[in-house]
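Turn these sequences into a full structure, and let the hints steer you where they fit.
These protein sequences, in sequence, are chains B and V.
Sequential numbering of the first sequence, starting at 557, is according to my numbering.
Sequential numbering of the second sequence, starting at 252, is according to my numbering.
Bear in mind the hints are in silico, worked out from the structure with no lab data behind them.
Accuracy of the hints is not assured; some may be wrong.
[Claimed, not checked] Not everything, but these chain V residues come out facing chain B in the computed CB check (under 8 Å):
1) Ile269
2) Val270
3) Arg272
4) Val276
5) Asn302
6) Thr304
7) Glu307
8) Pro325
9) Ala335
10) His338
11) Met355
12) Thr356
13) Thr363
14) Val365
15) Arg401
[As the list claims (entries may be wrong)] Residues on chain B that point at chain V, a partial pick, calculated with CB under 8 Å:
16) Glu707
17) Thr724
18) Gly726
19) Ser729
20) Glu781
21) Gly810
Ideal Cβ placement from N, Cα and C applies to all residues, glycine included.
Okay, here's what each chain looks like letter by letter:
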Amino acid sequence: MRLTDVEKAMRDGEAGPAVAKAMDLLIRYGEALGAEGLVETRNVCGTVTATTPFLRDFAVNKGGLDAVFSEFNLDSQEVVATPKVKAFSSHLQLGFDPHHPAEMGVSDEIVQFYKKSEAAAAKMGVQILNTCTPYQVGNVPTRGEHLAWMESSAVIYANSVLGARTNTEGRESTSCAMITCRIPDWGFHRDEGRRGTLGVHTDIPLETVEDWGLFGYWMGDWVQERVPVITGVRSSPNLPRLKHFGAAASSSGGVEMYHIVGITPEANTVEQAFGGNKATEVRHYGRRERELTLERINSTASDSKVDYVMLGCPHYTIEQIWEAAQLLEGRKLHPETALWIWTPRAIKELATRNGYTQIIEAAGGKIFTDSCSAMSRAVPPGTKVVALDSAKQAHYLPAILGLQAWFGTTEQCIEAACTGRWSAA
Amino acid sequence: MNSSTHVEQATVAAGETIVIRGRCVVPGVAEGEALVTTQPISGWGGVDPRNGTVIETRHELRGQSFAKKVLVFPGAKGSSGWSAQFHVARLMGTAPAAWLFNQMTTKVALGTVVSHSPAMTDFDQDPVALIRTGDWVKVDATNGVVTITRK
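Here's what the structure looks like:
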């Protein structure tokens with residue numbers, strides 16, 4: 557792989573042992589990909605903190621948090637001192653909400669270990685955003701900006717909606733990028749990797765978050781890793797709709813980028829979106845596709861009694877919390893049904909100042925931060941049936957926790973929380 | 252595909268040896284019994300690194316362990332936690348002995364690199380179609396050579 561003089565110096569240890577280890581990993585990774593070189597990045601989203609008993613034991617036995625960072629973030633068996641980051645770096649979601657460990661079944665010992673780890677990450681210079689939607693809380697990349705981001709729903713949003721450039725990175729590559737400002741120049745960093753290869757036309761209007769979730773789940777299953785060019789969208793979708801759309805598409809498939817003609821930044825025209833490629837195939841999305849997708853997402857559910865309503869995957873926006881609060885105001889949850897809403901810490905602060913937290917709590921619901929039920933594997937005790945407005949979470953929770961999952965509109969979910977039953981069942 | 256090395260699967264007898272060539276992803280040499288799937292593999296939510304088994308619902312390898320085997324598969328899918336799962340598998344001693352796959356992505360590149368097991372791609376013949384579970388497979392990734400002995 558071709559390296560600049562600055563990169564060679566980092567590899568050779570001129571910026572210290574941790575940076576040398578990071579360059580070594582980035583070179584091995586870049587050569588594995590077949591990349592010709594590295595690209596500079598100043599915007600990284602990854603995971604450096606430790607939230608599991610496995611990592612706590614590793615720290616105890618192998619040399620503390622430096623050993624954890626060396627092994628799990630730099631792929632280095634030699635323990636090196638954790639350096640400060642050079643790139644603007646944001647922390648993604650965690651394995652639990654450290655403010656609500658009891659509900660999550662997490663011991664105080666693990667919370668204390670996490671807090672040390674969080675303090676170490678903050679000292680490194682990592683922004684403790686703790687969310688899968690960094691673009692909601694201040695990390696909003698610009699068009700063409702090169703990123704090194706983890707988290708599939710954040711990657712697809714950054715590439716497609718914002719026109720920034722990132723591959724789906726992992727824990728090790730993002731950490732190495734944080735301290736070197738480099739990532740392999742491959743895939744979505746390059747013009748040729750971003751061009752559409754197949755066509756998707758919607759024959760029906762897409763209005764609600766539910767509509768976009770279903771469309772994304774249907775599309776991802778067909779598209780897998782390819783780049784679709786979407787036509788037929790009649791009204792401009794907002795942040796929550798595209799957040800749910802991308803998350804659904806990257807769960808049922810591996811979609812990391814899409815174009816919506818007339819809406820997303822690299823698709824002013826069909827020709828621009830394809831960039832000289834010919835569509836290998838074009839498929840239509842209509843009423844029948846929508847119905848079949850809804851049936852497929854709901855195929856795990858049969859019982860109408862709902863134990864748990866989970867909102868916020870990806871993390872809820874303030875607009876969505878406002879909507880939920882309006883639907884809940886003056887009502888009470890069914891005594892056998894729990895409502896947990898998941899959002900970034902910064903947005904919970906806003907929700908509290910706006911009075912929404914109080915409305916939701918007065919009804920019996922809770923707002924959690926930093927994590928979600930799929931990441932934490934935490935649900936209210938005894939949960940067998942969950943209702944959600946996220947196709948992504950409906951995809952993962954039956955597989956991870958063996959639950960029945962109902963997918964529908966936010967209104968249907970709030971109704972289920974208050975009546976204890978899924979009305980469409 | 253090089254026609255002179257093309258081998259019809261049906262004509263390969265037990266004990267017979269086949270050689271295919273490809274590109275080195277992670278250098279090194281390893282051998283073991285093959286575990287073959289035509290389905291892509293998920294990392295986070297798809298495998299359990301504690302025992303090296305596939306846990307994904309409806310996956311054809313569900314419940315089977317890839318530990319110390321030569322894993323032959325189309326490629327990676329799912330969450331960006333792919334590399335971290337196979338990183339933990341290495342530390343638990345449950346990682347594959349070697350990896351052979353067709354579809355290059357950042358997930359599979361990083362995951363195989365941190366597993367430290369030899370890995371190859373870009374083959375002159377499709378390993379998923381050619382290799383059968385149980386075949387003995389020697390992977391010399393450094394020199395780009397895979398030697399398959401039919402069970």
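Hint check:
Checking Ile269/V against chain B by beta carbon gives a least distance of about 25 Å; that is not within 8 Å, so the hint is violated. Given hint, Val270/V at the interface with chain B, is violated; its Cβ is 23 Å from that chain's nearest Cβ, farther than 8 Å. Because the closest C-beta pair between Arg272/V and chain B is about 16 Å apart, greater than 8 Å, the hint is violated. The interface hint given for Val276/V holds, since its Cβ lies 5 Å from the closest Cβ of chain B, which is under the 8 Å cut-off.
Given the 8 Å rule on beta carbons, the hint for Asn302/V is violated: about 14 Å separates it from the nearest Cβ of chain B. Proximity of Thr304/V to chain B is violated relative to the hint, the smallest CB-CB distance being about 14 Å (cut-off 8 Å). The criterion of a C-beta within 8 Å of any C-beta in chain B is met by Glu307/V, whose closest approach is roughly 7 Å, and the hint holds. Annotation: Pro325/V was flagged as interfacial toward chain B, and the flag is violated, the nearest CB pair being 10 Å apart, outside 8 Å.
Annotation: Ala335/V was flagged as interfacial toward chain B, and the flag holds, the nearest CB pair being 5 Å apart, inside 8 Å. Taking 8 Å as the C-beta cut-off, the interface hint given for His338/V holds, the closest approach to chain B being about 7 Å. Using the Cβ-Cβ criterion of 8 Å, the hint placing Met355/V at the interface with chain B is satisfied: the shortest such distance is roughly 7 Å. Taking 8 Å as the C-beta contact cut-off toward chain B, the hint placing Thr356/V at the interface holds, the least distance being around 7 Å.
At a threshold of 8 Å, the smallest CB-CB gap from Thr363/V to chain B is about 7 Å, leaving the interface hint in force. For Val365/V, the interface hint holds, the least distance from its beta-carbon to any beta-carbon of chain B being 5 Å, beneath 8 Å. Look at Arg401/V: its Cβ only gets to about 29 Å from chain B, farther than 8 Å, so that hint breaks. Restraint check, Glu707/B versus chain V: the minimum CB separation of about 6 Å is within 8 Å; hint holds.
Among the interface hints, the one on Thr724/B holds; its C-beta lies about 5 Å from the nearest C-beta in chain V, closer than the 8 Å criterion. At about 4 Å, the closest approach between the beta carbon of Gly726/B and any beta carbon in chain V falls short of 8 Å, and the interface hint on this residue holds. The restraint placing Ser729/B at the interface with chain V holds, with a minimum CB-CB distance near 5 Å, inside the 8 Å limit. With a cut of 8 Å, the hint placing Glu781/B at the interface with chain V holds, because the nearest CB-to-CB distance is about 7 Å.
With a least beta-carbon distance of about 5 Å to chain V, the hint placing Gly810/B at the interface is held under the 8 Å criterion.
Hint violations for this structure: numbers 1, 2, 3, 5, 6, 8 and 15, all remaining hints satisfied.
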